[in-house]
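Trainee: So you can see what is in the structure, the chains are spelled out below.
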Amino acid sequence: MKKRPYLLPPRLTLALSILFLLASAYLFWANNSFDMPTAELALRKSAAEHALTYEDLESYPLSFEHEDGTRSDFGSFYFARRADSFYVAQPKPLANTTFWIGHLYPLRPYQDSFLNSMPVFNSEGPDSTYVAEKRAMLVTTPDPAVARMTLTQYTVPLDADVPKEELIANYSDTQDCVETAPGSGVWVCYLTVPEYPYASSWSFETIVRAYAADGKLIYSTPEE
Amino acid sequence: MPYDPISQYCGKVCSMVRLKRYRAALRAELTAHLEDHADCLIASGMDAEEAKETAAKSMGDPYDLGAELDALHSPWYPRLSLIFTGLALFVLLTGMDWEYGALSYYRYAPFSSPHALLEETISQGILAVGDVKGGGTIGSYAFSRSGAAAIQKNPYPEYGGPYLLSVVISSQNPFFWLEGLDMAGLPVRLSSQAEEVPLSHSITLDEQGVFRRFYCVSFPVEPPFASRYTFDLGEGRELSYTVELREVEAP
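First to last, the protein sequences are chains A and B.
Letter by letter, the first sequence follows residues 3 to 226 in this note's numbering.
Letter by letter, the second sequence follows residues 116 to 366 in this note's numbering.
Don't read these hints as lab results, they were simulated from the structure.
All values reported here derive from a predicted model rather than from experimental measurement.
Non-contacting residues of chain B with respect to chain A, defined by C-beta distances greater than 10 Å in every case (computed):
#, residue
1, D176
2, R304
3, D347
With a Cα cut of at most 20 Å, we get these calculated SDA-like pairs of lysine to any residue:
#, chain 1, residue 1, chain 2, residue 2
4, B, K127, B, D179
5, A, K94, A, S35
6, B, K127, B, A143
7, A, K94, A, P63
8, A, K94, B, G216
9, B, K127, B, S173
10, A, K94, B, W292
11, B, K135, A, L9
12, A, K94, B, E294
13, B, K135, A, P11
14, B, K135, A, T15
15, B, K268, B, R361
16, A, K94, B, L293
17, B, K135, A, R13
18, A, K94, B, A217
Cβ coordinates follow ideal geometry from the N, Cα and C atoms, glycine included.
Build out the structure end to end from the sequences listed, making use of the hints.
Mentor: Below, the structure is given as structure tokens:
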């Protein structure tokens, strides 16, 4: 019996190995939810999944100018409006991969979006303290003259049983939000809660108020 | 070692073939062919040494023949096969998060029955069941012409009211990398109600195929229930379905 040099013909083996590689690449991509390799492709994918097109998205570089003239940049955001629906996305690279995500999130009017909110540990000084920072975005319909946000941090200090009223006085910040462009209905807010002592647990409360040009309160959450 | 023209010829041919694994088989086949030719020449009265020499010469230049055979049996086929197989195994063994990746919760079931999926999705509190006919296209999503529907008691009445009309439909999309259509922000109109009603919820089910996605879309409805509902979905009402309910029980 003639001994065959190959189990399968070499070209068939090559074709099968290419198919195997393509199948493994497909499974790898599918297992990563078909995330895209660039920010634009991620936005195009997300827009298509919401029956929108990439061209429907408007880009706003969001930044907040503080009273002292300094500016905090929040990066570029993408928005889309459709009837009463409002979508927002900020494409971000996924950690430890080459993929980007750019999910469009529905945002109801006056619902604040946490762009960034985190307690920052400050270990300097004799006592450990935290500083809370909140960067938020709002969309408003109809467009008010003023949008104002209050961030309150409730905590249980280890050293004293502080009344809630005192906590609000000590650990609360209220700021007017800044509209990204006149009439855009997109506002950014930047709040910080000054240093507060270490606590075993804490929680944050956000209150949004919007006023008409004559000063009349037209929106508040929670309702007042 | 005695001079053997056939062996020498085969050696020259094989020296041109880079694929070592093929050389032994090639040498055996070529030697057998040349020896057969030489035997014929010997049978016709030629001297054995001369017959071998003539048989070898009749094959032409050994280096040209070797080059042609090398092109036919390029070593790059097995090399590339090995590289591609190795890459595929590397991706599958090291790049896949089988525990938490998307494939860990997908169920490959492109030919699922909408009625079976509806029963799995809402197994309790069903007051009426029926069929859905219609269809349409939104973007690149082409929706199925039929589906299944049921009216159920809402297990979470604080979200969407006490009763829900739930519909299971599916879509086909050539762009397999797109997830299911997110219908949450699309305008919806249900025939039995004068005002546009928001969807109570719309979910893409775990069952899916490469191109197919299944959805469970729910609307709030109020008794008395009709036996026929129609609903439109989309800015231009691209998606339109009629729901025929066969069994309706009073709540």
